[in-house]
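*Asks:* Next come the chains, spelled out residue by residue.
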Amino acid sequence: MLDQMQKTVAEARDHGPFVPSITNIVTVNPVVNAQIGVGGSPAVFYQAEEGESFAPECDALYINLGTLIKDHETAVPATIKALDQAGKPWLLDPVGIGKGRIHQKLISFIKDYPPTIIKGNATEIIKLASAWGLKDQADQTFIGVDSKDSVQAAKSLAVKLARFTKQVVVISGPKDFVTDGNHHYSLKGGSALMGQITGAGCMLAGVMAVYLGVAQPLTAALTACTLFNQASQAAAQSAQEPASFQTAFLDLLYSLSKEGKLEANYEEDDLND
Amino acid sequence: MLDQMQKTVAEARDHGPFVPSITNIVTVNPVVNAQIGVGGSPAVFYQAEEGESFAPECDALYINLGTLIKDHETAVPATIKALDQAGKPWLLDPVGIGKGRIHQKLISFIKDYPPTIIKGNATEIIKLASAWGLKDQADQTFIGVDSKDSVQAAKSLAVKLARFTKQVVVISGPKDFVTDGNHHYSLKGGSALMGQITGAGCMLAGVMAVYLGVAQPLTAALTACTLFNQASQAAAQSAQEPASFQTAFLDLLYSLSKEGKLEANYEEDDLND
Amino acid sequence: MLDQMQKTVAEARDHGPFVPSITNIVTVNPVVNAQIGVGGSPAVFYQAEEGESFAPECDALYINLGTLIKDHETAVPATIKALDQAGKPWLLDPVGIGKGRIHQKLISFIKDYPPTIIKGNATEIIKLASAWGLKDQADQTFIGVDSKDSVQAAKSLAVKLARFTKQVVVISGPKDFVTDGNHHYSLKGGSALMGQITGAGCMLAGVMAVYLGVAQPLTAALTACTLFNQASQAAAQSAQEPASFQTAFLDLLYSLSKEGKLEANYEEDDLND
Chain L
1 MLDQMQKTVA EARDHGPFVP SITNIVTVNP VVNAQIGVGG SPAVFYQAEE GESFAPECDA
61 LYINLGTLIK DHETAVPATI KALDQAGKPW LLDPVGIGKG RIHQKLISFI KDYPPTIIKG
121 NATEIIKLAS AWGLKDQADQ TFIGVDSKDS VQAAKSLAVK LARFTKQVVV ISGPKDFVTD
181 GNHHYSLKGG SALMGQITGA GCMLAGVMAV YLGVAQPLTA ALTACTLFNQ ASQAAAQSAQ
241 EPASFQTAFL DLLYSLSKEG KLEANYEEDD LND
Chain U
1 MLDQMQKTVA EARDHGPFVP SITNIVTVNP VVNAQIGVGG SPAVFYQAEE GESFAPECDA
61 LYINLGTLIK DHETAVPATI KALDQAGKPW LLDPVGIGKG RIHQKLISFI KDYPPTIIKG
121 NATEIIKLAS AWGLKDQADQ TFIGVDSKDS VQAAKSLAVK LARFTKQVVV ISGPKDFVTD
181 GNHHYSLKGG SALMGQITGA GCMLAGVMAV YLGVAQPLTA ALTACTLFNQ ASQAAAQSAQ
241 EPASFQTAFL DLLYSLSKEG KLEANYEEDD LND
Chain B
1 MLDQMQKTVA EARDHGPFVP SITNIVTVNP VVNAQIGVGG SPAVFYQAEE GESFAPECDA
61 LYINLGTLIK DHETAVPATI KALDQAGKPW LLDPVGIGKG RIHQKLISFI KDYPPTIIKG
121 NATEIIKLAS AWGLKDQADQ TFIGVDSKDS VQAAKSLAVK LARFTKQVVV ISGPKDFVTD
181 GNHHYSLKGG SALMGQITGA GCMLAGVMAV YLGVAQPLTA ALTACTLFNQ ASQAAAQSAQ
241 EPASFQTAFL DLLYSLSKEG KLEANYEEDD LND
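Protein chains in written order, with the UniProt record's numbering: chain L, 1 to 273; chain U, 1 to 273; chain B, 1 to 273.
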């Protein structure tokens, strides 16, 4: 797997996969910079016709549901339908799930068009599983606020989601979790400073979408998490405060992906822990 | 008062007040980073239903009227009504006041729902007082462009605004001014480099809203101004150009609020000067 | 010409030209910071009435067609008509040209209201010339993706565009190209790291618009390109990775424009090469 990950990092650098996105206004600048940093070719849009035009041309596409505006109401479904028709992979980051009519409508629509990768924090994964009716009383989880739910609590629901979509689900957190429904991985490393900047999760998803443009979803997910853990750990050695940490982190995404020397920091996860 | 300010800084760090916002697209990334830096838990939205859902849950809310899009026309009034019903404090930053139909409509609507804190630069405060019919011929002020009106010229109108809303009004500038209509304070310090980056005023308002989630409005206003003056003064010692200054400033918001050692730099203001 | 360029840099610093913009959500923060850095006074808006109000007051205006939202459909035409009526100069950056209904509608509308400066990368210039029916079989160019078309291939179409608009056209790239239809200039220098951050082209256009507020279009274009090449070259000496490069670059825009010592790096271009 480490070999495949190294190859993924190199291919993104060499081929510059075209990865358009509908993404969060708060974090769009660092997300696009992170995507360029690892070799991706991004484009951000909010119109349905643009999504329909990008879908057949793209290598992968990234949809982040933060900071919804009215344009999302038409752009998101049109883009997803066009991706489905073109058979292109895409990544969903269900930021802000459960708030408001547009969000609920989109999440309900997406149930019929399973994303190739779902990437959320623990709370988002729990809420998504709940919105799609996959959560039952046996699930030892609760609906909390933001990233306060632990990754552990969300794991079983991530697996249920992955079995439902027959695709890959990622929980980002202090210890990332990646599953395709059959195999489950935990990833160590990273830095607590990632929680002190806005956009850490969005950047991870954006870079994962770049790798999804050149690799299988499981490989793409593990590659992005591994690179992020490595880059954030290294950044925390040169910067102890959030703004200079973010600069160091973005610099390291660029230089580590250029060198292409990932270190394995994942292990199989048996869901008990 | 300094004691209360230290306590406010510590409480924001310890309790992570939930402070959603409708805010300016230009500066939303540094605003959210500044809010996280001092311990706040932000969320940005542009839909009415999200505001209605956030209002009862939030500790305080921040509304900045820069870069209006059509979504503001419904989101701002719905959110403010929900805040009123829930009895939650909120901060208005009337950026760009007086330009265009949506802006005028919102400002006129807000007159009936007085914000807990109004934070503007001198021109914005003068224009707001004028839009609400609080400015008469005796006021030695003029409607100018942007921050070119002096803080001094706007002080009497800030006091009128505070007496009208029975709340707190802040003028940000080279020397900040804070009033609750009865007591008035001037704050020294800061750095001229704050005028060389976009978002200095928006970040101040965003952080003030975080403190409004854990303290009385007067304390919240003085705490945010004091922290900003201290952080920008320290940042200017390590960085003389705007981009590296912004990085240093955001780093210092984080580290100074973590240490929690504010220095008093305010004095009572008798409105003559 | 170098004398006029030095004067332009100094005048922008001294008079702070008022340069509002409708601009790209991805890059709006660095664009505004770049504009402030060289002395400009920016304001970003998305409403028609705001454009109509800003047009007669502004020194120049910047319209960037990236990340279109529905508001652009009315704001862009209303603003351009108001600029035309007020006789004010403006700069078009046709980012994302050719994608979607709104974009095509706006580009077709703009044909009747020639911008004072058109600034694009090679692909955008080729697509714009094509959309306006200025491209014929003799043109040795092709419609490619993004900045992959070479500047050389787009030059003849830039000249056709400049003769059509009777104004200035700029192609940004490894070697910038500036033409007013009669005189053509190539500009050397810069750094490849500019291609590793999002917003390099948007910042260039934003700063060019600031200079358009105090100088003739040809001077404004050459001044902005020269300053950018100089600043990016200097930045690449202190920073080898993209995020720290962007910080260094923005710092240098500020300090170089303050010193005001531009170095000539342009030459007449005979269109063969």
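Treat each hint with caution, since some may be false.
Below are the BS3-like pairs computed for lysine-lysine, each with C-alpha atoms no more than 27 Å apart in a straight line [stated by the list, open to error]:
1. B:7 / B:105
2. L:111 / L:135
3. L:105 / U:81
4. L:70 / B:70
5. U:166 / U:81
6. L:188 / L:111
7. L:81 / B:105
8. L:175 / U:135
9. L:105 / B:160
10. L:70 / U:160
11. U:160 / U:135
12. B:105 / U:70
13. U:135 / L:105
Restraint-style ranges between C-beta atoms, simulated for each label pair [unchecked claim]:
14. U:267 / B:85: 48 to 56 Å
15. U:195 / B:263: 48 to 56 Å
16. B:112 / U:267: 21 to 29 Å
17. B:85 / U:7: 53 to 61 Å
Stretch by stretch, here's where chain U covers chain L in the computed footprint (C-beta under 8 Å, at least three residues) [unchecked claim]:
18. 25-35
19. 93-102
20. 159-166
21. 194-205
Source of the hints: derived by calculation from the structure; they are not laboratory data.
Small disclaimer: the values here were computed from a predicted structure and weren't measured.
The beta-carbon is built from N, C-alpha and C at its ideal position, and this holds for glycine as well.
*Asks:* Evaluate each hint against the coordinates.
*Replies:* Comparing the hints with the structure gives:
Note on residue 7 of chain B and residue 105 of chain B: the hinted pairing is violated, with a Cα-Cα distance of about 38 Å set against a maximum of 27 Å. Distance check on the hinted pair: residue 111 of chain L and residue 135 of chain L sit about 14 Å apart at the alpha-carbon level, within 27 Å; holds. Taken as a hint, the residue 105 of chain L and residue 81 of chain U pair is honoured in the structure, with Cα atoms around 24 Å apart against an allowance of 27 Å. In summary, the hint linking residue 70 of chain L to residue 70 of chain B is supported, as the alpha carbons are separated by about 9 Å, within the 27 Å threshold.
For the hint pairing residue 166 of chain U with residue 81 of chain U, the CA-to-CA distance comes to about 18 Å; that is within 27 Å, so the pair holds. Between residue 188 of chain L and residue 111 of chain L, the direct Cα distance comes to roughly 31 Å. Violation of the 27 Å bound is thereby established for this hinted pair. Among the hinted pairs, residue 81 of chain L with residue 105 of chain B is consistent with the structure: their alpha-carbon atoms are about 24 Å apart, no more than 27 Å. At most 27 Å may separate the alpha-carbon atoms for a hinted pair to count; residue 175 of chain L and residue 135 of chain U exceed this at roughly 57 Å.
For the hint linking residue 105 of chain L to residue 160 of chain B, the alpha-carbon distance of about 48 Å lies beyond 27 Å, and the restraint is violated. Distance restraint check for residue 70 of chain L and residue 160 of chain U: the Cα-Cα separation of roughly 38 Å exceeds the 27 Å cut-off, and the hinted pair is therefore not satisfied. With a C-alpha separation of about 8 Å, the suggested pairing of residue 160 of chain U with residue 135 of chain U holds against the 27 Å cut-off. With a C-alpha separation of about 20 Å, the suggested pairing of residue 105 of chain B with residue 70 of chain U holds against the 27 Å cut-off.
Under the criterion of a C-alpha separation no larger than 27 Å, the hint pairing residue 135 of chain U with residue 105 of chain L is inconsistent with the structure, at around 47 Å. A beta carbon spacing of about 50 Å between residue 267 of chain U and residue 85 of chain B agrees with the range 48 to 56 Å that was offered as a hint. Checked against the hint of 48 to 56 Å, the pair residue 195 of chain U and residue 263 of chain B fails, with Cβ atoms roughly 28 Å apart. For residue 112 of chain B and residue 267 of chain U, the hinted distance range of 21 to 29 Å is not satisfied, since their beta carbons lie about 59 Å from each other.
Taking the beta carbon of each, residue 85 of chain B and residue 7 of chain U are about 57 Å apart, inside 53 to 61 Å as hinted. Evaluation of the coverage hint for the stretch 25-35 of chain L: fulfilled, as 5 residues show C-beta separations to chain U shorter than 8 Å, against a requirement of three. Here's how the stretch 93-102 of chain L fares: 5 of its residues keep a CB closer than 8 Å to some CB of chain U, so the rule of at least three is met and the hint holds. Interface restraint, the stretch 159-166 of chain L with chain U: violated (0 residues with C-beta to C-beta distance below 8 Å; minimum three).
Counting residues of the stretch 194-205 of chain L whose CB lies closer than 8 Å to any CB of chain U gives 4, so the stated coverage by that chain holds, three being the minimum.
Hints 1, 6, 8, 9, 10, 13, 15, 16 and 20, counting from the list given before, are not met by this structure.
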